[in-house]
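Construct the complete structure from the given sequences, taking the supplied hints into account.
These protein sequence lines map, in sequence, to chains B and S.
With the first letter of the first sequence counted as 1, position 109 gets the number 109 in the working numbering; the numbers rise by one all the way through.
With the first letter of the second sequence counted as 1, position 75 gets the number 186 in the working numbering; the numbers rise by one all the way through.
Be aware that a few hints might be false.
[Claimed, not checked] Derived lysine-lysine pairs resembling BS3-like cross-links, with alpha carbons at most 30 angstroms apart:
#: 1; chain 1: B; residue 1: LYS17; chain 2: B; residue 2: LYS98
#: 2; chain 1: S; residue 1: LYS125; chain 2: B; residue 2: LYS110
#: 3; chain 1: B; residue 1: LYS57; chain 2: B; residue 2: LYS110
#: 4; chain 1: B; residue 1: LYS1; chain 2: B; residue 2: LYS110
#: 5; chain 1: S; residue 1: LYS120; chain 2: B; residue 2: LYS98
#: 6; chain 1: B; residue 1: LYS17; chain 2: B; residue 2: LYS110
Everything labelled a hint here was simulated from the structure, so no lab data went into it.
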Amino acid sequence: KNQVEQSPQSLIILEGKNCTLQCNYTVSPFSNLRWYKQDTGRGPVSLTIMTFSENTKSNGRYTATLDADTKQSSLHITASQLSDSASYICVVSAYGNKLVFGAGTILRVKS
Amino acid sequence: NAGVTQTPKFQVLKTGQSMTLQCAQDMNHEYMSWYRQDPGMGLRLIHYSVGAGITDQGEVPNGYNVSRSTTEDFPLRLLSAAPSQTSVYFCASRRGPLEGNTIYFGEGSWLTVV
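Written out as structure tokens, the structure is:
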């Protein structure tokens, strides 16, 4: 069964600290993996897209990694800001236009 | 550049009522989709369209209808609202197949069925 599991479910960190969010998947055949940021009350916004051959991709303070062998991805946030408080969603695409969404990790950055 | 626009933002319905959630995109995207987001779960696909005049069912289509008469618009109709349809609904669009194409989401429509 195609599944995307994210951990932790929620996380609280202090402003300025780094954090790493995890995504494990069983989607097959794998096409690409995306990370989205969803602010409270808003729609998801794309952060990164990675294909099978890419193992790192950055977008400002956000760095995503992908290990296609172990079917794991992580999203690392550097020097967190209050505006990073959001839900972060991992989405895996299978060939054949199928998307599988994780339930998301809720991040709260405190001052 | 508006992107994907959804209306209404909030709606309360009584059980058995019908309504339409509107979705419009101004990016000339072929692919459009409707998702629902429930607490503790990933987004689930309701219906999708790969072009004007073409629609298909997603993972959770029961109780919903769609049509795609133009490239820009993709309305979602609730035929007879049920409390189980209380959810947040997102419309999304992209240019073409999933490989390499960014998916753009609307701001969401919060629906409560009482």
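Hints versus structure:
no. : hint                  : in the structure
1   : B:LYS17 <-> B:LYS98   : 35 angstroms, violated
2   : S:LYS125 <-> B:LYS110 : 39 angstroms, violated
3   : B:LYS57 <-> B:LYS110  : 26 angstroms, holds
4   : B:LYS1 <-> B:LYS110   : 37 angstroms, violated
5   : S:LYS120 <-> B:LYS98  : 27 angstroms, holds
6   : B:LYS17 <-> B:LYS110  : 10 angstroms, holds
The structure fails hints 1, 2, 4 (numbered hints given earlier, in ascending order).
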